[in-house]
Amino acid sequence: MRLATWNVNSIGARLPRLLDWLATTKPDVVCLQETKCPADRFPVAEVGELGYTAAAHGDGRWNGVAILSKVGVEQVSKGFPGEPGFAVPPAEPTLLDDMDEAPELRMPRPEARAIGATCGGLRVWSLYAPNGRTPGSPHYAYKLDWFAALRTALADELRREPRMVACGDFNVAPADVDVWDPAAFIGSTHVTPAERQALAKLRGLGLHDVVPTPMKGPHPFTYWDYRAGMFHQNKGMRIDLVYATAAVADRVHAAYVDRDARKGKGPSDHAPIVADLD
DNA sequence: ATGCCTTATTTCATAAGA
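Using my numbering, the first residue of the first sequence is number 33, and each one after it goes up by one.
For the record, the hints were derived by calculation from the structure and aren't laboratory data.
Being a predicted model, the structure only gives us computed values, none of them experimental.
Careful, some of the hints might be misleading.
Pairs of lysine-lysine, DSS-like flavour, derived with a Cα cap of 25 angstroms [said to hold, decoys possible]: (1) Lys-295 / Lys-233; (2) Lys-102 / Lys-267; (3) Lys-267 / Lys-297; (4) Lys-233 / Lys-297; (5) Lys-233 / Lys-248; (6) Lys-248 / Lys-68; (7) Lys-297 / Lys-248; (8) Lys-68 / Lys-102; (9) Lys-267 / Lys-58; (10) Lys-295 / Lys-68; (11) Lys-68 / Lys-58.
Let's have the full structure, built from the sequences with the hints guiding it.
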């Protein structure tokens, strides 16, 4: 089985490149993130022509995740139990008095950041973690809450799913070696101890980091900022991850970052990870 | 070479990304 994960940064803008890439790379299961596409507008017919069944979760302008599969898509979960939404903090104390009339402030709806499906006997999650913006901000607290809830939900599912893989854009670089210059990230999100601890707790569930081979250079970066020629200088980050249970990780005989997909005109700012399983 | 931000929308400006 060939498994892949890719933050496409809009499936609408990326569809021609995605279809070309699917036809060339021929993955059996693909986790997509940042589709930026409502579920009812997902291009199911276009990917269907290449043999894929799609499960999509999307709510509009931002976020959005999907799973494409040639080996079946069953038991689809849109989001996970206990998944938090982003709570807009009250600007003024008077807002607290209005809580009863604005329940969405108290219990915000989860964003479209997680979709799970069983594909050919493998439990697959496509995940798009919140960015966090700035340490200490409400968005950062939300990011950590989201990871904590994800851990709880996956822990529950792992009790009955020995073959699971959680793929996606985790928006955290696991270690200093996973960013092009640790000094450039001091004070930024993606590298803080709390974020790295959130990843460590996922690994503590028995999920193994399937580190892909870089096609160039020593670091398997998966993201390069569009600006300032960062890709061309290989100033990237490893923030897209494949976390697999031992039963799955032991069967990975090859995994690589397809940085060719980051080249040329109109790429995503992320490259796909491709993993081949026996 | 790989080439110096991109996306969708409440669009000609803004919010968000990491």
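Outcome of the hint check:
1. At most 25 angstroms may separate the alpha-carbon atoms for a hinted pair to count; Lys-295 and Lys-233 exceed this at roughly 34 angstroms.
2. For the given pair, Lys-102 sits about 34 angstroms from Lys-267 by alpha-carbon distance, which is inconsistent with the 25 angstroms threshold.
3. Between Lys-267 and Lys-297, the direct Cα distance comes to roughly 19 angstroms. Compliance with the 25 angstroms bound is thereby established for this hinted pair.
4. In summary, the hint linking Lys-233 to Lys-297 is not supported, as the alpha carbons are separated by about 38 angstroms, beyond the 25 angstroms threshold.
5. The suggested pairing of Lys-233 with Lys-248 is violated, with an alpha-carbon distance near 30 angstroms, which exceeds 25 angstroms.
6. Restraint check: the Cα-Cα separation between Lys-248 and Lys-68 comes to about 30 angstroms, which exceeds 25 angstroms; the hinted pair is violated.
7. Between Lys-297 and Lys-248, the direct Cα distance comes to roughly 20 angstroms. Compliance with the 25 angstroms bound is thereby established for this hinted pair.
8. Distance hint between Lys-68 and Lys-102 is fulfilled; the C-alpha atoms sit about 23 angstroms from each other, no more than 25 angstroms.
9. Restraint check for Lys-267 and Lys-58: not satisfied, since their Cα atoms lie roughly 28 angstroms apart, outside the 25 angstroms limit.
10. Proximity of Lys-295 to Lys-68 is assessed by CA-CA distance (about 21 angstroms); at most 25 angstroms being required, the pair is judged to hold.
11. For the hint pairing Lys-68 with Lys-58, the CA-to-CA distance comes to about 23 angstroms; that is within 25 angstroms, so the pair holds.
Hint check: violations occur at hints 1, 2, 4, 5, 6 and 9; the rest are consistent with the structure.
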